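I would like the entire structure built from these sequences, with the hints used as guidance.
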Amino acid sequence: MRIVLVLPWLLFCSALLPSGFSTPDGDVLLSIISALGMERPSNWTGDDPCLGNWDGVRCDVNSRVSYLNLTNKGLSGEIPAEIGNLNALINLDLGNLKGQPNRNTITGDLSALSGLSNLQSLNLTFNPLAGGFPTAVLGLTALTDLRLDNCQLTGEIPKGLSKLGSLQYLYLGNNSMTGAVLSEIGSLKNLIELSLWNHTFMSTIAPELSALRNLRYLNLHDCNLFGGLPSEFGNLVNLETMLLYGNSLTGPIPDAWSSMSNLEDLELYKNRLTNTFPSWILNARNLSSVDLSYNYLYGPVPNISSSTLESLNIACNYFSGSAPTSAISSFTDSQNCFNGSTDDNRGFCNSLYKCSEFSKQILDNGLCPTCPPQQSLSNRTTCICLEDSAASSGGGGQASSGKFGKIFGSSGGALLLIIAALCGFWAFRKFRKANKKNEDITDNVRQKFTNYGSQGYWEAPKGVQRFTLEELTKATNGFDFNHEIGSGGFGKVFYGKLGNGKEVAIKRAADSSMQGGTEFRNEVLLLSRLHHRNLVRLEGFCEDNDLQILVYEYVLNGNLHAHLFQRDATSFGWLKRLDIAVGIAQGLDYLHSFADPPVIHRDVKPSNVLLDENLVAKVSDFGISRATKEFETHVSTTPAGTAGYIDPQYFLRRQLTTASDVYGFGVVLLELITGQKAIDPTRLEDHNLVEWVKMKMKVEGIQGIVDRRMCDDCPFSLYETVTNLAIRCASFNKNDRPSMKEVVGVLDAVVQSLSPPPTATSLEHVPPEKYASIISIGENDEADSTKSVTFNSLLAASKAAFKDSTLTPR
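Just so you know, the sequence shown maps onto residues -22 to -1, 1 to 788 in mature numbering (1 follows the signal peptide of the UniProt record, and there is no 0).
Please keep in mind that the hints were generated in silico from the structure rather than gathered at the bench.
The model shown is predicted, which means the values in this text are computed figures rather than measured ones.
Do not take every clue at face value.
What the hints assert, rightly or not - The list that follows gives simulated cross-link-like pairs (lysine-lysine, DSS-like), each with its CA atoms no further than 27 Å apart:
{"#": "1", "residue 1": "141", "residue 2": "248"}
{"#": "2", "residue 1": "452", "residue 2": "440"}
{"#": "3", "residue 1": "655", "residue 2": "676"}
{"#": "4", "residue 1": "338", "residue 2": "248"}
{"#": "5", "residue 1": "655", "residue 2": "712"}
{"#": "6", "residue 1": "452", "residue 2": "470"}
As structure tokens, this is what we get:
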């Protein structure tokens, strides 16, 4: 009886033990990070990770660590065996975000993870694991999400992969794996997303993949795949995105694929596909983006009147007849054989045949285009090529409704050999001639030719200076690390002072973001045409051998993220934050509506908004990699953006539009209003800012979210209007988001509603010193704080103001 009475007292006292009394999982975590060379984070306070709100750590109802996220923490070495003691772990993220500092460099065979039987999600992207596929992972049978992109893996995909039957997401992209795309993957019936891009498989596409009926995303681009397109893929009725470009696939595009009723994005460019235009794509009910460029497709193309297609690229094929008309927003049909076209520009396509040659040898004589190297015809009706060994053993490929009815004989084969030999001799002479020209260029000039010799030397566009490497080296003291002021999507950024005393920001491309000569030239041409008060201005460039450097104006006051979250934000009154929001919106609207071609930023966030000496917002880190279809597809195959700001529909479609930028702007606007970060694990109600704002607005209204550091007596009615705008911008469905032009109109109307109103029609034309006196009355003005301005009325007013403007397609 005494024991029963004393037990509650002992339990109570245990709660009062000093903080030095640690928990087993807490000890394990500290041991793990120590073994991987990471110091204890300052916000890992106390000894219990489940009570101390340790950053990147979450616990289950039993106070066991179930979630561990140490992304970009500078970890290095092999994962220690102690991690096996975290046997309640469900989610482990030791990966890296592309372009972010403090990369983890985990190595080894991951054998320490073999005891984590409850693990469901494992992310080790951008870690140099090296060697073969880590076999220890095959024992983690509870895994639903496995991400080993960019891990320097080699060897073949293991046959034991079928043990991971619960997998829904499998990402093994950008490694150097060989062998075949295993038919065994077809047994992973729960897969939703499969990404195996950029390998050296040298195999056909396993038709067994058609058994993945839940698959929505398939990425096999640049994998050295050959053979035909499996007609069985028509069974993938839930597939939304299929990326097969950059391979050596041959034969027709199967008509059976018309059964993929949910397909939205189809990317087949840079293959050797042949046959006529697949007319079923014009009747597909959900298909929005198709790229068939750089193939051997031929015949007439019907007029394009699809109600769903937004983008279609059929450039660099052999289509003939009358050029089609098109009503879709992005249509490219250049470098074909339409009536009136010439062969003068077909060198751009890097193809074997001129139009006349293709018509004579392929169409008239019933021949097939030349197979890729080390491949031979396997099916002469459908023109499918296989590896020489597979073709000689009788591999047949898929049958289809091809129109190459004639089978050529020995004379046809001899003719093809002659053509190939002549092409090879011509290419060799051209190569020797180009090399001779490059040898004649002196080291003092160091200017490269573009990829296309007919375009001649690269002349700097008007208004942009060509700098020498010596000038920029001197300006940055040899690119000294003390001059490094940041890093972005392009590479590291250095502060520099030119010989004339002008301050500049110098972006030197990282190896991972290097472009070809023509791509870099297009980048400079595009940036040189972008001129707006709210965009960071390009001053010049330097291309020296393998170095690519962009030189921008230096923006004195750093980035918005530092002002909001790393410095004293009390100096930012609500009116200054409104001014910054207007500036960001106007910069993005210019990119979407007035740039030619329109530019999708892709990574709208506070650290990509710089503030000048007058705290005027300037959007930075945009360029050709974010341009629309004229230069590059807007369907992205690599991670785009930053967690918390990424368009949620990107994960469904891998498609970026101007509406993706609108989503990121909505999150930034919420950060300006709330003073809260987009993603914050310490925010217990909800880590995601958008969801947190929605929840708080329902329960507490606008007063529950406004950052009180902005003002003592905030004008809540105006803030409610701006918050509603931000929430709409961050809508899950892109069709529910306004365009940036409409956003500018709403924010402009908010400023116009202040008393007295500005005299100009747009804040863009009102210097800060002019409207500062207009809006500086607001922080303690009772009339302003009670002014009633509704979002709907302002949106209607903004639409009326822009009724004569053409809104950018989203």
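Going through the hints against the structure:
Distance hint between residue 141 and residue 248 is unfulfilled; the C-alpha atoms sit about 35 Å from each other, more than 27 Å. Taking the CA atoms of residue 452 and residue 440, the gap is about 25 Å. The hint holds against a cut of 27 Å. Only pairs whose Cα atoms come within 27 Å are accepted, and residue 655 paired with residue 676 is accepted, the gap being roughly 20 Å. Note on residue 338 and residue 248: the hinted pairing holds, with a Cα-Cα distance of about 23 Å set against a maximum of 27 Å.
Of the supplied pair hints, the one linking residue 655 and residue 712 holds, its CA atoms being roughly 22 Å apart against a limit of 27 Å. Taken as a hint, the residue 452 and residue 470 pair is honoured in the structure, with Cα atoms around 17 Å apart against an allowance of 27 Å.
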